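**Student:** If you want the building blocks of each chain, they are given just below.
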Amino acid sequence: MKILISALVVIVVLAGAALAYALGPSAIATVERPMPESFSGAEVKRGAELARLGYCNTCHTVRGGDPYAGGYAIETSFGTIYSTNITPDEETGIGRWSQEAFSRSLREGLDREGHHLYPAFPYTHFTKLTDQDARALYAFFMTRTPIRRSPRENDLPFPLNWRPVLAGWKLFFFDSGRFEPDGNASDTVNHGAYLVEGLSHCGACHTPRNFLQAEKRDDFLRGGEAEGWTAPAIAGDLPTPKGWTEAGLKSYLTGSFTADHGVAAGPMQPVAENLAAVPAADVEAIAAYVLPKMRSGAGKLAPAAATSEQGGNGNDEGRVLYAGLCASCHEASSPARRAHGMNLADSSALNEATSRNFVNFVLAGVQPPEGRAGSFMPALAGSLTDEQLTVLAAYLRHAKAGLRPWDDLGKTISNVRETMRRADAEPQR
Amino acid sequence: MTRFTVNDRPFSTETDVETPLLYVLRNELELNGAKFGCGLGQCGACTVLLDGEAVFSCLIPLAALEGRNVTTLEGLGTIDDPGPVQAAFIEEQAAQCGYCIPGMIMRTQGMLNRNPAPSEREIREHLNPNLCRCGTHMRILRAARRAAGKPAGDQAALAERSAT
Amino acid sequence: MNALSGPALSRRSLLGGGGALILSFSLAPRSALSQSEEAQVSGTGPLPGSLSDFPYLDSWIRIDEDDSITVFTGKAELGQGIRTALIQVAAEQLDVDFSRVVLETADTGQTPNEGYTAASHSMSESGTAILNAAAQVRALLIARAADQLGLSADQLTVDDGVITGGGRSLSYGKLVGPDVLHVQAQPQSPIKDPSTNRIIGKAVRRIDIPAKLTGAVAYVQDLRLPGMVHARVVRPPVYGARLTGIDTSEVETMPGVVQVIRDGNYLAVVARGEFQAIQAMRALAAAAEWGGGIALPEKTEIYDVLKRLPSQESVIQEKGSGGGQGTRIEAAYHRPYQLHGSIGPSCAVGHVDGDRLTVWSHTQGVYPDRDAIAEMVRMPPENVRVIHMEGAGCYGHNGADDAAADAALIATKVPGTPVRVQWMREDEHRFEPYGSAMVVEASAALGESGTITDWVYDVWSTPHSTRPGSAGNLLAANLIADPFQADEPISIPQPAGGGDRNAVPGYDFPNSRVTKHFIRSMPLRVSAMRSLGAYMNVFALESFMDELALKAGADPVEFRLKHLSDPRARDVVTTVADRFGWSDWKRKGPGHGRGFAYARYKNLAVYCAVALEIEVEREAGLVRILRAVAATDSGQAVNPDGIRNQTEGGIVQSASWTLYEEVDYSTDEILSRDWASYPIMRFPAVPGAVEVHVIDRPGEPFLGTGEGSQGPTAAAIANAFADATGRRIRDLPLSPEKIRRTLEA
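In order, the protein sequence lines correspond to chains W, A and G.
So in UniProt numbering, the last spot in the first sequence is 429, and the numbers never skip.
So in UniProt numbering, the last spot in the second sequence is 164, and the numbers never skip.
So in UniProt numbering, the last spot in the third sequence is 745, and the numbers never skip.
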């Protein structure tokens with residue numbers, strides 16, 4: 001509540017500052033919708049790859065809906081923002097946007113008419129895009145099937161629903177500018193940096209945000225959160241016991257199970273699905289840039305006290321729950337273990353400071369995308385009571401990770417259950 | 001000793017508390033409804049209701065059951081007096097080999113307990129954890145719609161989906 | 001339920017009553033009859049269906065004095081609804097109420113030896129036999145009644161098994177003596193005029209469904225015998241591995257463990273509780289050390305491997321002089337190994353009582369399985385009884401026979417104690433015999449008139465049946481200390497064919513040369529999977545027909561009709577086209593398409609055509625089947641709803657095979673070990689609507705339904721995909737990744 005009040009205060013101040021700034025941007029004239037034939041095949045193909053590298057489909061498509069027709073709900077701490085229709089429909093999409101208007105939206109966070117866009121759209125990253133890539137993306141989107149579907153109104157309180165406020169936000173938190181390669185780094189690493197910092201906007205989830213939802217630049221890739229999941233730290237001292245290798249990282253990034261770390265889940269799952277469909281060179285570049293930043297094991301949390309009441313070896317109830325519920329996939333003797341049931345001692349979720357990912361895994365489960373082989377974890381929301389999950393978590397933290405029980409567990413469990421209830425009630429197409 | 005209720009009757013057992021519910025239902029209570037399919041929570045053949053919610057009985061140890069309420073296929077009705085969901089499945093002749101169907105019935109019951117008026121999409125999403133290999137899906141969906149008091153046929157469902 | 005009666009009752013029923021004695025006598029197959037008896041039968045022409053093997057009427061039908069009617073079939077209920085359909089046939093021809101007939105299915109102690117319940121033969125073999133036997137029994141009883149009542153047969157009426165005439169009535173039970181029905185069938189039967197049928201042709205509700213849906217003992221998995229213990233088998237990591245070391249002492253002390261069994265490379269554990277057996281099995285697996293084993297092929301090279309392996313070539317169709325004129329096109333199609341994938345892992349119960357062994361199994365062939373098991377445990381076959389109890393749907397030769405062998409072998413190690421063995425999920429995924437990987441190469445010439453003038457078709461496949469057979473075809477028998485070697489696999493001959501099933505086109509081509517390349521060796525263990533090679537051949541042939549139609553600029557349905565003269569084939573094609581609305585169909589936009597395919601299964605069984613409409617989700621690489629329309633002609637339709645159920649099921653199952661399924665393996669091991677590593681279709685992805693139109697042919701022979709729709713569905717999906725996207729995928733499955741790669745290329 002305190003944060004909310006201070007946020008409001010700041011916003012009001014910003015709004016004043018915004019006024020002047022808001023007068024700046026102007027509309028860019030509409031154009032005739034370019035014909036698909038006017039783009040080269042090679043440009044469209046690279047555009048398709050770039051769209052995957054930017055995960056555009058994830059936020060601009062509702063589950064089971066028409067691709068890129070928008071309407072996907074993005075929950076923020078201030079309210080719900082709905083993504084827009086980016087198909088080339090002339091009325092409801094971007095069919096009459098010029099290349100200039102399209103590029104400006106990506107890199108400056110302004111729509112064609114000059115309205116400011118909410119930073120849920122990661123233009124703070126896309127600003128680094130090269131002209132060439134912006135052209136390829138334009139070519140890709142202009143050759144999609146136009147879908148007539150009006151964007152849904154955002155659900156934000158005053159004054160956040162007043163877009164000029166965003167001008168003030170940008171003043172403080174948005175640095176416009178293209179990517180600058182590091183002269184000392186290889187082309188691969190530079191390409192990786194371009195993707196991670198730009199199009200692939202890894203920091204949007206993996207960098208912590210301040211109370212105005214801006215990424216904290218000093219903590220770049222040091223761990224954030226997304227959709228009720230923890231986006232673990234990529235840079236710095238990581239709590240996971242096993243180190244990352246290039247092969248392991250590439251395999252994780254493309255959705256495969258890695259015995260040392262687990263599998264991409266939650267909001268990372270669509271990221272990995274997209275990365276599985278781009279040229280290997282792009283994933284290699286991401287890995288090459290990220291890997292040197294990852295110091296695995298260095299951030300191992302403080303070990304459990306030997307006499308820890310909840311997690312101690314006396315926690316027989318937890319052991320029994322594990323034996324009956326988890327062991328059929330996660331014990332060394334289980335045949336499923338080799339396929340996709342990891343040794344929980346190595347699990348990132350179990351070694352994290354927060355219980356979010358663990359609780360999400362257990363209650364909501366993980367399922368591979370339709371028709372694809374992959375890691376599977378059944379949803380156990382109905383099987384375990386909150387008390388049982390608490391006991392099981394304490395046991396696993398102690399017995400598998402050698403750590404103290406989580407302090408945030410009770411709150412996380414009720415949050416995740418609430419999120420699942422809402423998702424259940426959410427009307428889908 | 002673990003005590004819980006099965007189909008509204010108190011039950012207690014001395015069996016090792018690590019033992020998953022499925023084996024106790026089948027071998028101690030001699031209830032045939034819940035079937036072994038994978039033991040991994042991937043197929044739903046073992047589905048029962050736990051406090052009204054559909055769960056995989058192959059993955060829930062006795063230790064998690066103390067004081068809770070289990071409902072199996074047998075708790076929904078009998079051959080002479082089938083419950084509404086069972087009757088809907090019989091009406092639609094929704095079985096080939098039938099091995100997965102008890103799990104389907106329990107999953108459908110679990111859905112209706114939470115959501116008495118599911119949309120076509122919700123029915124399909126709710127049944128997602130359960131596998132059928134004979135390809136009886138179309139009939140299972142018709143039965144689930146019928147159990148939910150909706151028009152059972154495929155065409156009505158198609159119309160509903162294209163209308164929303 | 002008789003199957004529950006166990007050895008004690010079986011001895012009673014076999015040795016007790018006179019009727020049963022006659023029954024066992026009449027169970028001697030025809031091959032075992034004396035020359036004169038055989039001559040007597042064959043002298044008057046061939047007998048219909050399985051009557052030719054079991055000519056005595058009482059092999060099929062028993063009527064007791066209390067008017068109870070029991071019909072015997074050597075076929076097994078596999079979920080195809082055969083139990084209900086066979087009762088319909090019997091009740092109709094006997095003129096009794098449906099509810100009066102009790103059916104006994106496959107049991108070596110009771111029923112005729114009808115070999116395997118497979119190849120959609122149940123209705124054509126057993127159904128035909130029962131149809132004729134029942135008609136003859138009815139006529140025989142009417143004649144007897146006429147005799148007793150002093151009336152002529154046409155003065156009598158029959159109502160629910162009661163014959164009335166001249167004010168007097170006699171029930172069937174009063175008319176049968178101990179040997180009245182122990183007579184040989186005649187080649188001609190007085191089948192009722194189909195227009196008078198009251199039971200055949202009706203969508204009678206399946207009699208087994210209510211019990212299955214309310215928790216009755218319905219499957220062998222549900223069988224519980226007094227004192228029964230549970231066993232689990234520890235399998236080698238890869239085919240041919242040897243057990244090099246194991247310390248069983250710790251496992252032996254685990255709670256509930258009765259015995260650890262080691263026989264050569266065969267390793268199993270018996271425990272009192274089922275979960276105790278599973279825990280002990282896990283511990284045993286962890287303790288076992290294995291060595292050697294046979295390397296699997298590189299998965300990415302499997303089709304080259306198949307073509308390189310030695311194969312036996314046979315030309316199965318040679319028509320015309322070859323070399324028809326016109327534009328020639330060529331294409332190659334591929335199918336990976338695929339799983340039967342029963343939802344219920346294979347299970348069996350075995351019991352050794354003195355010198356007798358009884359096995360309850362969901363095998364498709366109680367007699368052949370009995371013989372193989374007897375050989376493995378070195379007992380005389382007459383001391384072994386195999387009783388069929390249902391399992392989960394098998395879709396061909398899955399783990400059933402091997403699980404029966406496990407139960408038999410383990411039962412011999414714990415004599416006197418019934419033992420239940422159920423496979424774990426990974427056992428079924430890794431050790432069932434798969435559907436073979438296959439390669440097809442096709443080439444055809446298209447003449448100026450837009451008709452096909454030449455057709456050349458080659459198919460490569462490993463075997464499609466490795467059923468027992470001898471003991472060597474049972475997994476357990478390969479592993480024991482004194483092992484049996486597997487039989488040399490055979491190439492199933494035409495017209496049914498194995499890998500070449502449906503390789504001969506059903507169209508009228510002036511020139512056609514079709515060659516089968518039978519690969520005897522098996523890089524992966526394979527056997528019969530629903531429709532055998534027909535799934536792949538129809539996929540390839542009907543995909544190629546569409547490619548040719550496209551080349552000819554012809555409508556795919558018109559193009560097929562142009563080459564199709566069989567009026568019944570034309571009927572299913574035009575029925576589907578009409579019901580689908582083929583001629584008025586409009587594309588809604590890019591990614592929306594329709595596909596058509598037709599085949600007559602084995603070129604001699606059910607006719608089936610399928611049309612479907614899809615939407616391709618390009619981003620995700622997914623095909624959404626919006627609706628599917630099928631028409632089938634299975635001859636006389638005994639139970640139209642049964643036919644619809646089988647056909648709907650075939651379409652959905654084939655959609656799963658076609659869109660997702662492929663066994664995964666490395667050179668070291670099978671990697672498909674559960675539903676996460678071998679995904680199949682789940683509810684959100686099943687078609688929006690499936691409608692099946694049954695074309696009934698009253699009075700025509702039963703053709704069998706269960707395997708008709710898989711091939712056409714696969715081709716219709718591929719054809720719809722090509723229609724929706726302009727790209728053709730010739731390699732199964734049309735997986736999300738393959739679709740994406742194809743569309744992005």
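The set of hints was computed from the structure by calculation and includes no laboratory data.
Computed from a predicted structure; not experimentally measured.
Be aware that one or more of the hints could be misleading.
In silico EDC-like links for lysine to aspartate or glutamate, alpha-carbon gap of 16 Å or less [unchecked claim]:
#1 Lys174/G with Asp53/G
#2 Lys738/G with Asp282/W
#3 Lys45/W with Glu744/G
#4 Lys45/W with Glu619/G
#5 Lys300/W with Glu370/W
#6 Lys586/G with Asp555/G
#7 Lys174/G with Asp67/G
#8 Lys588/G with Asp66/W
#9 Lys293/W with Glu370/W
#10 Lys250/W with Asp282/W
#11 Lys307/G with Asp67/G
#12 Lys174/G with Asp160/G
**Student:** Compare the structure with each hint and give your call.
**Tutor:** Consistency of the hints with the structure:
1. For a cut-off of 16 Å, the pair hint linking Lys174/G to Asp53/G is broken: about 29 Å separates their Cα positions.
2. Distance check on the hinted pair: Lys738/G and Asp282/W sit about 20 Å apart at the alpha-carbon level, beyond 16 Å; violated.
3. In summary, the hint linking Lys45/W to Glu744/G is supported, as the alpha carbons are separated by about 7 Å, within the 16 Å threshold.
4. Taken as a hint, the Lys45/W and Glu619/G pair is honoured in the structure, with Cα atoms around 13 Å apart against an allowance of 16 Å.
5. This hinted pair does not check out: Lys300/W and Glu370/W have alpha carbons roughly 36 Å apart, beyond 16 Å.
6. The suggested pairing of Lys586/G with Asp555/G holds, with an alpha-carbon distance near 14 Å, which does not exceed 16 Å.
7. Using a Cα cut-off of 16 Å, the hinted pair Lys174/G and Asp67/G holds, with the two alpha carbons roughly 8 Å apart.
8. A hinted pair counts as satisfied when its Cα atoms are at most 16 Å apart, and Lys588/G with Asp66/W qualifies at roughly 14 Å.
9. Restraint check for Lys293/W and Glu370/W: the C-alpha separation of about 33 Å exceeds 16 Å, so the hint is violated.
10. Taking the CA atoms of Lys250/W and Asp282/W, the gap is about 10 Å. The hint holds against a cut of 16 Å.
11. A hinted pair counts as satisfied when its Cα atoms are at most 16 Å apart, and Lys307/G with Asp67/G does not qualify at roughly 61 Å.
12. Taking the CA atoms of Lys174/G and Asp160/G, the gap is about 14 Å. The hint holds against a cut of 16 Å.
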